[in-house]
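Enquirer: Build the full structure now, drawing on both the sequences and the hints.
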Amino acid sequence: MKNIAFVITTPPNSNLTATAINIVTAALTMNISVVGVFFYQDGVLNGSQHLALPNDEYQAHQQWQLLHLKYNLPLHLCATAAEKRGLSDDINDNQAKNVHEAFTLSGLGELVELNVKADRLIQL
Amino acid sequence: MKNIAFVITTPPNSNLTATAINIVTAALTMNISVVGVFFYQDGVLNGSQHLALPNDEYQAHQQWQLLHLKYNLPLHLCATAAEKRGLSDDINDNQAKNVHEAFTLSGLGELVELNVKADRLIQL
Amino acid sequence: MSMLHLVRTSAFQTDDFQQCLNVLQPTDCIVLLDDGCYNLNHDLWQEALNKVALPALYIIEAHAQARAVTLDKEKINTLSLDALMTLICETEKSVTWQ
Amino acid sequence: MSMLHLVRTSAFQTDDFQQCLNVLQPTDCIVLLDDGCYNLNHDLWQEALNKVALPALYIIEAHAQARAVTLDKEKINTLSLDALMTLICETEKSVTWQ
Amino acid sequence: MSITEKSVAILNASPPLSKANAKDSLDVALIFGSYEQAVSLYFQGDGVYQLIAEQQPELIQQKDFLKTFAALEFYDIENIYVCHHSLNQRGLAEKFSIENVQVLNQDDFAISLHQHQTILRF
Amino acid sequence: MSITEKSVAILNASPPLSKANAKDSLDVALIFGSYEQAVSLYFQGDGVYQLIAEQQPELIQQKDFLKTFAALEFYDIENIYVCHHSLNQRGLAEKFSIENVQVLNQDDFAISLHQHQTILRF
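Chains as they are written, first to last, in our numbering: chain U, 1 to 124; chain R, 1 to 124; chain W, 1 to 98; chain X, 1 to 98; chain B, 1 to 122; chain Y, 1 to 122.
Possibly wrong hints are sitting among the right ones.
As the list claims (entries may be wrong) - Just the calculated beta-carbon pair ranges, DEER-fashion:
1. W:25 <-> R:104: 48 to 58 Å
2. B:74 <-> U:62: 25 to 35 Å
3. Y:93 <-> X:75: 13 to 23 Å
4. B:99 <-> Y:93: 46 to 56 Å
5. U:30 <-> W:25: 22 to 32 Å
6. Y:54 <-> U:31: 52 to 62 Å
7. U:62 <-> R:57: 25 to 35 Å
8. X:75 <-> Y:54: 11 to 21 Å
9. Y:76 <-> R:56: 16 to 26 Å
10. Y:34 <-> B:53: 26 to 36 Å
11. Y:74 <-> U:62: 40 to 50 Å
12. W:68 <-> Y:93: 44 to 54 Å
No wet-lab data here; the hints were simulated from the structure. Glycine included, every Cβ here is placed at the ideal spot set by N, Cα and C.
Expert: Dropping the structure here:
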């Protein structure tokens, strides 16, 4: 059995992200160990706390939150990419804090560590 | 002399947005009347209050804010596009409010009105 | 060393699939997914068939059906996302063209 | 009615410029800006020269220089962004290929 | 404010089911329609996939916004033009999910597009 | 945690000055380098424009992140491969902004890329 890590670069309102969620879910239900998901570039928008997609559309951000709850899946937002898109978890400025609690802001070094921990790093 | 309106669809960390700002600035300094700028798709990220681009990089969002201050340039964020990217000006939830004050959340109808008011609508 | 190519964009719109074919080796696998499904009807698909044996060419069935892309068993094999995960585990490495 | 075409992407990477050429009329203008500047060295540029007279073909000088794209007066005219704004005012309509 | 007539073309160049461009474009078309503006839709390049019959977006967790095309008529958006060259290149038959689609050859498509005062492309 | 060696290829396919892909890719390369991972850079398609000499990003309000390429050596990133076919297609001479760039023909480029365990493409 392999360990897998994922890099996600697509935003929640793209169907490419639904594909990524389906692939990650397939891995988890097949008992493949997913050591973590690293969100980079526009992918960090998946971790926004205040996303409001129309009710009748696919709620990508909520799906990530569910995977985190159900499988304890680590969800890392690249901190630099997040800052460039207005996302922050600054505890000194409650108004600026807008990263959902299921996600962790991490440095790019976390991507290196995921690559080391995992047998395979899949970019989606 | 013509009236011009602009539609901006590129995010602040793209150099395409610097081009757009330079073109809008050219219009304003030539005394061409710019009736408004409508931000759509990823363009709405320009209106985020908490953007933090690296200090040594071009600060697109601040340039828009300066144009608004100096020329009273109307900056409209498409409300639906903004919600999909976690941007809100909800006065009932101060924590969720993260649209910079230089920008106004507007419906898509504002785009129609800008098109009617302007002789030309330029998409960038 | 065999490589899995995940192709997510249309060759009618971008250069990604052409670039994929430029690095493709005979022992590699290709999976068409998302808008990559449209490549089944692009002239470049013949190049893929020439470079790689048919058993190593796949398309995600649901992604093709969603796009009304007609499947032809002589040009490609269908795959579920579960089967894609298995294929990922069986191959040594992958590159995503998006 | 004459149309101004603002071309912002590379024809080596996307289909946008080809689509622009497919709707181009003899009285239209083309301006290459941003990554569109790379199109000056694409085979398709000859097609633009065949369809439209040289005085109606422009490139934003700073955008070309930033990209080390060598300018050739027999293939294109240079423009500042101020001059682009004037051109926008002088033409009737525009479409942006990005 | 009074709204005067000004002809708008929306040029669709994006495939329907991956990025949000196709949906964002349709939203713009519908709002222009609801303000009773003259709006025409053009489909070129991978944009022609938007109108192809028998798509099943529900198979990929996508809301079937393509059904919204059927609402265009309700908004008096009746000018819908598809580039024949783009269909041909993709091996697509002229089988569409909505009626009243007009397939134009490359020259007619170009000339028709040139009739409008505002062109937006997605 | 201990970090073991695993060979990483970063495949650059984006032009340098418009979208942020080129910069985002370089940031990834540098972080892998700073963690002393074996990382090689590949440039294909419009990605080859990233390395071309005499670019002047400051003319378009762009920070000259291209200068950062000069820092690659400091991070022991010494394997930098450019696809000759892509250069040729674009009419580009082999004049680069940094030294130690290796231009490979299409087959050698492909074979070299296949040597790595992880490939990221931007």
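Enquirer: Compare the structure with each hint and give your call.
Expert: These are the hints, each one checked on the structure:
no.: 1; hint: W:25 <-> R:104: 48 to 58 Å; in the structure: 55 Å, holds
no.: 2; hint: B:74 <-> U:62: 25 to 35 Å; in the structure: 32 Å, holds
no.: 3; hint: Y:93 <-> X:75: 13 to 23 Å; in the structure: 18 Å, holds
no.: 4; hint: B:99 <-> Y:93: 46 to 56 Å; in the structure: 55 Å, holds
no.: 5; hint: U:30 <-> W:25: 22 to 32 Å; in the structure: 28 Å, holds
no.: 6; hint: Y:54 <-> U:31: 52 to 62 Å; in the structure: 54 Å, holds
no.: 7; hint: U:62 <-> R:57: 25 to 35 Å; in the structure: 33 Å, holds
no.: 8; hint: X:75 <-> Y:54: 11 to 21 Å; in the structure: 19 Å, holds
no.: 9; hint: Y:76 <-> R:56: 16 to 26 Å; in the structure: 25 Å, holds
no.: 10; hint: Y:34 <-> B:53: 26 to 36 Å; in the structure: 53 Å, violated
no.: 11; hint: Y:74 <-> U:62: 40 to 50 Å; in the structure: 43 Å, holds
no.: 12; hint: W:68 <-> Y:93: 44 to 54 Å; in the structure: 46 Å, holds
In this structure, the one hint that does not hold is number 10.
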